[in-house]
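Participant: The listed protein sequences correspond, in order, to chains A and B.
Mapping to our numbering: the first sequence position 257 is 257, numbers consecutive.
Mapping to our numbering: the second sequence position 89 is 427, numbers consecutive.
To be clear, the hints were calculated from the coordinates, so they are not data collected in a lab.
As the structure is a prediction and not an experimental result, all values here were calculated from the model.
Watch out, some of these pointers could steer you wrong.
Capping the alpha-carbon separation at 25 Å, the derived lysine to any residue pairs in SDA-like fashion look like this [to be verified]: (1) A/LYS148 to B/ASP570; (2) B/LYS716 to B/ARG793; (3) A/LYS119 to B/GLN593; (4) A/LYS57 to A/CYS46; (5) B/LYS641 to A/ASN127; (6) A/LYS161 to A/PRO257; (7) A/LYS109 to B/ASP570.
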Amino acid sequence: MAALVRLETRLSRLREEYFLKNRSVDEDRKIVYKAAVKIQSWFRGCRVRAYLRYLNKMAISIQKWWRGYQSRRYFRKMIKTAYFIMKMNFYNEMAVRIQKRWRGYYVRKYTHNYYALKKYLEAISLNNEIVRNELQEYAEMNEKKKKKKDLEKKEKEKKYKARKMHYLLSTEQIAGIYNSPFRKFPDPMELLLRQSKPLSHRQQQPKSPFTYDLYDWPTCKRPPAFPTGEPLPPIGRQKPQGPFRDAAEVLRQRYKPLEPTLRVAASISSPLEKAREEMKREEWRKCIHDNEFLPFSSYHKNEKYELSIHASEKIGKETYGIKHFREVQPNKWIAGKV
Amino acid sequence: MSQRQVLQGVISLLRPLLLDVVPTIQQTAALALGRLAYFNDDLAEAVVKEDILPQLVCSLSEQNRFYKKAAAFVLRAVGKHSPQLAQAIVECGALEALVICLEDFDPGVKEGAAWALGYIARHNSELSQAVVDAGAVPLLVLCIQEPEIALKRIAASTLSDISKHSPELAQTVVDAGAIAYLAQMILNPDAKLKCQVLSALSQIAKHSVDLAELVVEAEIFPVVLTCMKDSDEYVKKNGATLIREIAKHSPELSQFIVNAGGVAAVIDCIGSCKGTVRLPGIMMLGYVAAHSENLSMAVIVSKGIPPLCTCLLEEHEDHIKAAAAWALGQIGRHTPEHARAVAETNVLGTLLSMYMDIRSSEDLQLKAKRALKNILQKCTYLPALEPLLHDAPPNIMKHIVGQFSKVLPHDSKARRLFVTSGGLKKVQEIKAEPGSLLQEYINTINNCYPEEVVRYYSPGYSEMLLERVENYQPVL
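Next comes chain B alone, as it looks inside the complex (with noise of 0.2 Å):
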């Protein structure tokens, strides 16, 4: 408590040198001030409170650009905080003399006034409208096309935090032509550039399916495919966020993204990440999957099922784990061939032990229950089926039971294996309430094969014969 006292207190004597004669004195005081308060949200508070901000705001029109690059420090300094402290800072007028100084020449003044700008929009939606009512956007774009790396990023994650809280505030950053020249810088080298410029176009696509056509537009594709082959793991993830937040919105998107062999770079990231980098593309596969039963068979025969069963077993998280029970089980709902497709590799049982542990969080249930539900509801493969027989709970037994039933009755050689391989002695043991679905599949099942068969697979046929064999009379 003291030491936020002793703080407070170098606020208050750091004021006066705001307001000193000698510039550099000015400078330094504001450069201490902003670096006080960016560490700490008191001392935050304490500056909005000392009515520092107005002091600052009006000096930004004046002085010298040194000054400038301070004061727009200490603002995003505080803006940094909380949407409170933030609303602070726009109801003192900060943001007009902050976008005046997106017009200065120096690009690091521009830069600190981009800066603080995105800080602010950060928040909500309504902080983010005040910046746009402030007339920041064109200019953002202006400062996006100039030749500095560090200017260039800042723009750009300007943007994306303008963009990224609701579908006009996206409207407007296209309207202002910001896509075509985010599509450009695609191609830069820089890592954090390239990071930054993914998380604005996904941003702005996310929203609805004509802002997601419009960054289609500006022919992205093929090049954010070799973002995904960048050696930099938040390039990954943030081309796979790009690419999902497209393909999630219609059929053709998704199509015009398959024919553009999106798949196999996601694919092929998924497979080369390990941790939460791999979550956007595992969301990709799934959305893509659940549009339509090509698209589906197209994601299966770009060999994008063994990545997700790897992802399954070997992550730690559960929700990267749920994301990828979800998409094995948009990829496996729509036919027969899917679902075979799926259970060949033998990610059922997998689904079915996440599903039963109690340590998995109610979402990983929740998802693998779905996801084994929709599988098995359209499972032919019979040898997939089986080893789950034995394990499974009523609700999900159910299912199983229900596919045996509709594939044995016209298959002789599947109901010699189920007999072998002891299915049917399982299927007689389950107890079912009589006019349930699953007694009427037993039923169906039973009504297969011969009666001594089932008498003889049926539990506590040795007893009986062993009572039978007591109350024989011998024939003399």
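The following block holds chain A by itself, in its conformation from the complex (with noise of 0.2 Å):
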């Protein structure tokens, strides 16, 4: 019973103490109340916090291993190019030594070949040679053609000059002027006097040396003739023993050119004649058909008609050669053959 009085005591002060008690938990409660958020919001925080942290570092895993791969990659990459590179200087380098050689062997050998140049010039000097001998010799010949021709001529003057003047001949009682009798022997004009044919009166026109000689080139085909002069005489040839004449003399003489006078040159019929002869060869050419021209209508009077070719003949295919070949006369046959 005690207890209960002193609970009863303490009853009073119960309810002031419970509601104290409340009054201050519920000034506490708040306070606690805040105090619990706090914490349950700073926990919270962590859990989150680590969650992410968690994240961050999955995520910094991949992405590690991501760069990983990918820079991997590139460099194999890198290496194949490298390798590539290289290699193709490599090949560059090879080839540029193959080129070398061959432009160095071709230029020598074509474009810029020494030894062909040295043979090409000296083959050129050689040429030159060659060719100014020719040069020369052709100058030379020339030159020769042109004395001979020189000498050629005044030989002819002197000849025909020793033709005109024949008449200053000596003779036994005279001396020619040539011919003076207190010379050792006479002047070679007094020999060409001897030889020269006299001149005929008939005026024979001396025909210019130059007008044949230069302008013998019709047609300019023939190339410069060689200075021919007298054929050589043959090889061995013994004089023949006795009073003969020199050969080639009698040669000459024997084909002398005949020099007809001007009676035999002539035809035997005249002019006249000869005019007649081809006037009647014109008309016997010219002439197409023989029958004269009659003026008159009355001349063909009597004249038979001629019937044509086609009209005369019989109708029929021709017999001759189908029919019969040769000509037969029985008649003039002798055996009586049927």
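Join the two chains, each given in its own frame, into one complex according to the hints.
Facilitator: Spelled out as structure tokens, the structure:
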């Protein structure tokens, strides 16, 4: 019971205590609540942070792995290209070496061939020598020809003069001017006079020596002729013993061209007759038919009309060659054959 | 003046005689007119003014051959003086009549007609074109084939006068087939004919490469080379002209000529002639050498340089000397070998003296200077360069010193020779602006030698030494 009295005394205080406790609890409740919220929020924050950290770590790990993979790929590519470039450089260098050798060879052989050039220049000198020699020969030949022509011209003139002045030839009684008795031997002109034939009064026009020699070139097809003198005598020819004349002279006389006189050279028939003959020949040539042209129609009165070939023949095929071939005349046969 | 009036009176007297009944009088009157007009151009003008030409042209077609010859002579005489008179002849319709005369049977008439056409065509290309339009060219080609030498000569000279003006006219002549006949006629021994034929071929060949190739295809080589040995000088000259006109177009043609031995023939020709006759030959060598270095070497190998040097020394005319200088320049400008070949003949001194001589013409000076420059830029033959050091003017000097500066650094014997011959001394005496090319060359040369040697040869060294002697304190 004592306890109950004690409790009853505490009872009046109990309500106050109870009220004070509740009030203090109420007053603390906010604070406590706030504290609880803080603690919880902090804890939640920790959890989230831990989670984020975890996520971060995972992301980093993925990215690390991915980046490593990419760079390894890139590195492999780089190595490939570097290797490729190295190979190409190597090939280029080898190609350059080959091209170097080839170009040197080609240029030395074909473009700037030193030995060929040397040979060419030597060949040119040789050729020049040959050309120079030939030209020299040609020039000499021309000069010889010219000299020969001049000499021949002079000779001809002298001979012509001698022929004109043949009367100056010396006779037995009277010595000519070129054969003076005081001379040891006669002048060469005298010898010429002795040899020359007197010039006839028939005015022979002396042909100027140049009209035909130089202009003997109608179409200039002949090359320049070499100077041909007299043909050389055959080798080892022995002079025939005896009083024979020189063979060349004999041949010259034998084959002397004919110099006919005018009477002989002219034809027998006179020009008048020749002209007449020619006219006749022309007419014969030109004449187409022989029928004279008769002036009046009365001349044709008694002419029989000639049938044309078509009208004058029998109608039908030609029998010659088919029915009969050769001509036969049985009445002329001697034997009585059928 | 009175003589002129008298002569004009003569023409008015002769004019009615042209219409006389007797043919001999007509012919003689025409001949007299022709002779008067030939020598005096006033009279030729008077002939044109007095309207004699239409009368002549009419009768050209009708009368006999003597009259035709005389009338053609009058036309030739009038046409030769000036282009205006030739134009007057063309305007009165003479060309057709002359072309008809070209078809005549008598060679004398053809000759007169061809000669008149040639004199008309000579003046300028319009008149030549008028002659060609009248249809003269095929008939002239026929005339060339005739046997008479005088006719051939004149037909060739007319073709040459026609084709010289322009490539089209030359092409017309070629199309008529003239080249083959002209080429055949080179073999003819007559000198004047050869002259005309060669001149005609060279007038055709000079215009273009194709025409030159056509001429070459007619197989004129090596026959043309025999013309270079002809006794007549003008034949040689025209032959050299023809070869020159062919060689100047292209390296292939020059090569062909060299292979045929043309260079040797031309060189001999130059050696044997004197005066203007040499000129085409010299120019031909220049053209051949200008194309390429192989051809130039071929010219050198054929002993081309000595005649050119003698030409340079002996000739009096400036234009021939200028041509020889130009040809030497073309030969020597390719490589050091060529320059050496030219320099060995000691011709550089002659060229320099020609350049420096005030009496030489401008053309000669210019050509000598260019030739000298071209040769010097490649010349490494020092013995020939040294004499030039002493006389050369500054613009040439820099080339010479340049060449020395190229050679001396590499050749010790040459360096020694340079010093002993007094070249180093001369180089020190040259005053050059600092920074110019000449100064650089001089520096290069000075760097080849030790300093004492350079100082020894520099001008004023002896004075400097004496000054040092004066200022020296003797060591007792």
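Participant: Which of the numbered hints above does this structure break?
Facilitator: Violated hints (numbers, rising): 2 and 7; every other hint is consistent with the structure.
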